[in-house]
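Enquirer: The lines below spell out each chain.
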Amino acid sequence: MEKSAADLTPGQKGMVKDFTDEYISLKLLEMGVLPGTEILMKFAAPLGDPICVEVSGYALSLRVEEAKTIILS
Amino acid sequence: MKKAINVALVGNPNAGKTSVFNLLTGMNQKVGNFPGVTMDKVSGTYLHQEALTNVLDLPGTYSIYPRSMDERVVFDFLSDENAHDYPDKIIAVADASNLERNLLLFSEIIDLGQPTILVLTMLDIANKQGINIDITALEKEFNTKVIPINGRNGEGLGELKDEILNETSQDYKPFYDTNTLSPEIIPVIRDKFNLKNDYVAYQYAQQTYSKSFLSNEEKQFIADAKVKYNFCDRQFQTTETVERYKIIRNKLRDVVTKTVETEVKTRTSQLDRILTHKIYGYLIFMAVLLVMFQAIFEWANPFMDWIDMGFAELSALANEYLPSGILTDLIAEGIIPGLGGVVIFIPQIALLFCFIAILEESGYMARVVFLTDKIMRKFGLNGKSIVPLISGVACAIPAIMATRNIESWKDRIITIFVTPFMSCSARLPVYAILISLVIPEQKVLGIFNLQGLTLMFLYLLGFFGAIFSALILQKILKVKERSYFIMELPLYRMPKWRNVWITIFSKSKTFVFEAGKIILAISIILWVLASYGPGDQFENAEALVAQTHPELSNDVEALDHAVASYRLENSYAGILGKSIEPMIRPLGYDWKIGIALITSFAAREVFVGTIATIYSVGADEENESTIKDKLRAEVNPITGGPMYTFALGLSLMIFYAFAMQCMSTLAVVYRETKSLKWPILQLIYMSGLAYVCALIAYQVFK
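Chains as they are written, first to last, in the numbering used here: chain L, 1 to 73; chain P, 1 to 702.
This list has only true hints and no planted wrong ones.
Derived coverage of chain L by chain P (criterion: at least 3 residues anywhere in the stretch with Cβ under 8 Å from a Cβ of chain P; other residues may be distant):
| # | segment |
| --- | --- |
| 1 | 21-32 |
| 2 | 49-59 |
Derived DMTMM-like pairs (lysine to aspartate or glutamate); straight-line CA-CA distance at most 25 Å:
| # | chain 1 | residue 1 | chain 2 | residue 2 |
| --- | --- | --- | --- | --- |
| 3 | P | K674 | P | E218 |
| 4 | L | K17 | P | D233 |
| 5 | P | K374 | L | E65 |
Listed next, with one range per pair, are the computed distances between beta-carbon atoms:
| # | chain 1 | residue 1 | chain 2 | residue 2 | range |
| --- | --- | --- | --- | --- | --- |
| 6 | L | E2 | P | F448 | 54 to 62 Å |
| 7 | P | R498 | L | E2 | 48 to 56 Å |
| 8 | P | T168 | L | I71 | 47 to 55 Å |
Quick caveat, the hints were computed from the structure, so don't treat them as lab data.
Backbone N, C-alpha and C define an ideal beta-carbon position, used for all residues, glycine too.
Please model the entire structure based on the sequences and the hints provided.
Expert: And the structure:
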């Protein structure tokens, strides 16, 4: 089972490897979520979704569903 | 004076673009419309070295590939060389503390081929974060002029203005050559449209359908070429983005040096720990809302009273000093009160935008969106829908305009559809008078005021009306469009008060001119309908009343009132009221309320004024207590008891909570959706719901 960005717990880091969804990946790429970039899980919204990660030096929020499309190495 | 220069401002959201725009143009801003698209075009002018410069502020975007209504405008505008305001220069604004991502858009912009200046903002924040930027190296690597600007004190502004006038041209060198992706299609499109630049031609292929200035045949030509040369847009876009980032990272290696992580980010993290906390997060949000509503309703009140009195005074003055006649009547009873009906909302609109601007500037609004996304999603909305819904409490018009940054068409349509359910300020006068009439002033559980609770109930009714309508609409609308939520959470920072002030000023101005035109037109029409009637009955009102009520002949004032109400009954408005009486009788209303329903269709707040006229209270002494006394004394001709019972009051309040009685909102919905379908559906659905609920309320409590 491959690990996705949604599996990170707060404080954990991961390296972006690939994407499973073309439509979402285009937006993520524009926002600096590139293969080979480090992604740090910061915190989740009170209801567990969306989550906030640090990537390329800034805070990015996205839904768990979207974080699942980011495959980590 | 030299020829006017056009410049366009582009940049990421939160990059400080608005600050640069405000610094350049100050209060000389105006809102227009982009041709062919329903987007506000915010532009401004300034004079520097005797040259007039037009600055156009384009919506914030992360790349020139658009996703929302807002972003669609950016490329559309930058690629139409024949447009009259096509920019001579582009100013790309980039956040220095987040340079890499900001440069993606910049790299795309310079490839479009227009002279581009790179403006760096937030260098102070970058320095605090231990980021050092070698400006000279940046200029060299990216082949552009770089100007750092301090958004707070305007340092660097003079240099930017000089540079805008500087006509030495940069040598054009593509940042990323798209010919490596699709060499065949670019010359074909370049020749066909006579374009000066490869990247623009490539973008014609990438974004064929978002361009409003191309004809259908031209779009078909590009579509055919794409098939012929096997142009895979998404795959190319992915490669292009990844390659651009690679080049940017390489170039930045010698430009940016990082020392230590520091307190700016730590402070944001600490604040986030509290503001997005499981419990405190929502409590703080509730508290913010509470303060905001309190402010909108309490602080705005004295100003609204002054405006109200001012316009009443003006009306009286017009009556006194202008020669009597139809024109004076129209001015004193139609135009001045009509204008007053617009102007009176300025304090509330200004306060609302003051709060929203502060929340946005400080970075808290992004957290609110983040906190509410999951809840809103359950109802077919989006975290970003919270902003229009909150704004809707003041007025649905700016609220609906605020839906433009919602990327998903479906989420946006649903938000537009349900926003008018939120109890806007125009409902307040109606609620106020009805509550004071039918709800006793007593305490519940010792502390709560029953009248206050009723008012809260009405606001909640609006909110739940919105939420559940969204739920229904979500089930009905079958759209195969992905809704997604990918958003930057900016650092917390002190709002720039100059920006807040300019927002208040420009939004209020837009409101007055956009909504004002419509409300003014409607008030004139209403005045005509209420002042004229068909046939002898209207013409000879005085004689007829004197005949039927000889006992009034000694009391001039009572006679005047009787004549006025007789006139109203027989005016076109009165005839309309009577014609709908059978329909509204089950709700407990008579023809007099019917007139008020018709007149207040245009705008709810007209209800109070109409009721005042109908019950023959002179328009110049709009004293609430007299209206109330008259209403209280009104006898129901059928039951013989008082007309305004609890059941009738409740029924009316519920009707006003739900019914779509606002021409301006319908006009804005039409403008924003570009289709008659949505405003018509909204009108039928909301008014239908209002009718059914008011009917149930009346029948149950009667």
